[in-house]
Amino acid sequence: DRLAMILTNSENIREVIAFPKNASAVCPMSKAPGKVDKEQLDELKIAVIEDE
Numbered sequence: 030d031r032l033a034m035i036l037t038n039s040e041n042i043r044e045v046i047a048f049p050k051n052a053s054a055v056c057p058m059s060k061a062p063g064k065v066d067k068e069q070l071d072e073l074k075i076a077v078i079e080d081e
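For the sequence shown, the residue numbers in our numbering are 30 to 81.
Warning: the hint list may mix true and false statements.
Claimed, not checked - Straight-line alpha carbon distances no greater than 20 angstroms define the calculated EDC-like cross-link-like pairs of lysine to aspartate or glutamate that follow:
(1) 67 / 79
(2) 64 / 44
(3) 67 / 80
(4) 64 / 79
The set of hints was computed from the structure by calculation and includes no laboratory data.
Remember, it's a predicted structure, so these values are computed and weren't measured experimentally.
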């Protein structure tokens, strides 16, 4: 990010960050990360193990 800032002659690093997040680590545009459907997990053969 800093290199992109230097190369674009930007004054603020926030102008060149590709995927900005807010204080709660959520993308303001796409609301990522989001919940994943069980069907998507099954398709990718991913198992989620919940804490007890």
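Hint check: residue 67 vs residue 79, CA-CA at most 20 angstroms. Holds or violated? 14 angstroms, holds
If you draw a straight line from the CA of residue 64 to the CA of residue 44, is it 20 angstroms or shorter? Not satisfied, since the Cα-Cα distance of roughly 28 angstroms exceeds 20 angstroms.
Compare the distance between the alpha carbons of residue 64 and residue 79 with 20 angstroms, and conclude whether the hinted pair is satisfied. 14 angstroms, holds
Is the straight-line distance between the alpha-carbon of residue 67 and that of residue 80 20 angstroms or less? 17 angstroms, holds
In summary, the one numbered hint that this structure violates is 2.
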